[in-house]
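Q: Using the hints, position chain B against chain A.
Chains as they are written, first to last, in the numbering used here: chain A, 1 to 484; chain B, 485 to 578.
Don't read these hints as lab results, they were simulated from the structure. None of these values were measured; they are calculated from a predicted model. Please note that the accuracy of each hint is not assured.
Keeping only pairs whose Cα atoms sit at most 30 Å apart, straight-line, the calculated BS3-like set for lysine-lysine is [stated by the list, open to error]:
1. K298(A) / K509(B)
2. K94(A) / K509(B)
3. K508(B) / K94(A)
4. K481(A) / K404(A)
5. K526(B) / K374(A)
6. K94(A) / K260(A)
7. K374(A) / K512(B)
8. K496(B) / K408(A)
Here is what each chain is made of, one letter per residue.
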Amino acid sequence: MNLSNSSISEINKLYKSKELKPSEVYEEVFTNASLSESIIHAHLKLFQEEGIEASKLSDERFAEGKQLSDLDGIPIAIKDNINLKNHETTCSSKILSNYVSPYDATVITKLRNSGVVFTGKTNLDEFAMGSSTENSAFGPTKNPWNPEHVPGGSSGGSAAVVSVGSALASLGSDTGGSIRQPASFCGVVGFKPTYGTVSRYGLVAFASSLDQIGPITNSVEDAKIIFNSIKGHDPLDATSIQDTSIEIPEDKTAKVGVIKELMEDGISDESKNEVEKTIKLLEEQGNKVVEVSLPLTKMALSIYYLIAPAECSANLSRLDGVRYGSRESGETSYEMIENTRAEGFGEEVKKRILLGTYALSAGYYDAYYGQALKARSLITKDFDNIFQEVDYLISPTTPTPAFKFGEKTENPLEMYMSDLCTIPANLAGLPAISIPTGLSNQNMPLSIQLMSPARTDSSLLKFSEKLEKLVAFNQRTPLLKDMK
Amino acid sequence: MKKDIDIKSVAKLAAINLSEHEEKKLEKDLNIILEHVEALSKMDIDDEEISIHPLGEILNLREDISSEFLTHDEAMSNSPETEDGHFVVPPSLD
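Chain A with its partners taken away, still in its complex shape:
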């Protein structure tokens, strides 16, 4: 049995029956990390000693029959923009390279109370801005399926560690696809919950009206277990919503819409084929699948690239070399701040701060930011109308499988296009999941994305579990096979 590929519920059963100990699973994932890190560079930090200690405490709890939850003793990696007390939170940025968090994010408190063993912090595009981890100040993560290809981003490290088995699951954050796109590129499951269902307290803010924490896992069932553990209203996050979940059909009576605009130009044949293959399986099962049109999806990229940079320029203004982060010298305070930000931020972050500053500046605010917010409301209405007709929407997660390093770094729009299919869910606050379905001609993973109405996360996960069984994709990266 390959433990690191096993499901959380299987492992939990073995823990309870005393056939397996958390420290044994931790040892295996740590071995996987030791073998793979020099090739893929997915972790920025491994918590070896702390992990051994935590897994032994979990051993004791199971020995005494006092397990804290189904996640007790499960090794989970955390994206390095989520705060863990007394550990660095770098956001893969030079400006925060020495920042040590004095507190736990709410999701960390919840996982800690569930007995989770934290394996380490994972690499990301600086401040979660990017789609390939090429923007990390500490070097990119490589795709475990082929290190010449990117793992996706921004949660590239979190997707790669699950794919390679150096954690059983991980947490990522998703602002425009940063959980689903890397999950798709690495052949694992990525789930972005409804906006506000998981507290953002302790997540370093990028674009506050779009950011959402979610799990990256080996299976939909694992995503469900982690989601159930981290969700819930949090008074420390003013955008957090009360638990008012809505149920929709989860079986063959569910009606599925295929988004016409995400099956047209700009989407590769390989990505379209995965959707068509999945539709066939759904139809064979008895689900009704119809084509639907969301014309504004074509504007989603423009809306996103005004709203997200505008919010980022405000959020990142706090990095001024005064209260935390690195500092460069200057004759005056203002000079010090200008030099600190010049030295501390990488090119993509500077680009987005400048774009956001411009979009919010006097004379341009209404034309850019105001107009984008109005268009966003229209997109949300379009989704509301479509969900009167269908229960779920299906599309590719990404326009292409994982691309090669350097392929999209020249023109910013080319990189941004890789989030074409994932951005609409963030704009409308919808839950969305990426499920691996097959491999490309070059043996790189391909996935489909399912979206559903806001607050229907539980139904989406149940329906996705059934779909995952129908698709029956069970390939794993060959990376560690030859090394063991």
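A: Positioned in the frame of chain A, the structure of chain B alone reads:
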């Protein structure tokens, strides 16, 4: 609507000291992006409402009650320079 971006003045507003090379590269990239988002300004959506929360929720602040959280030292622990419990910065005036 679109005018070419004045990179120097925007960098000043954003408090980032750019090198000449960065100015050139970022100006080029930003103009490509602004060109792309231009289509948005042509949409006739003046009457559309704006919502900040994607689900249209009202942002609820918690009650104004003090609670145990970070100590003063913890809150200051990441500052590059402090003195007697205060943040130290260079002079604000020339």
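Q: Going back to the hint list, which numbers does this structure go against?
A: 6
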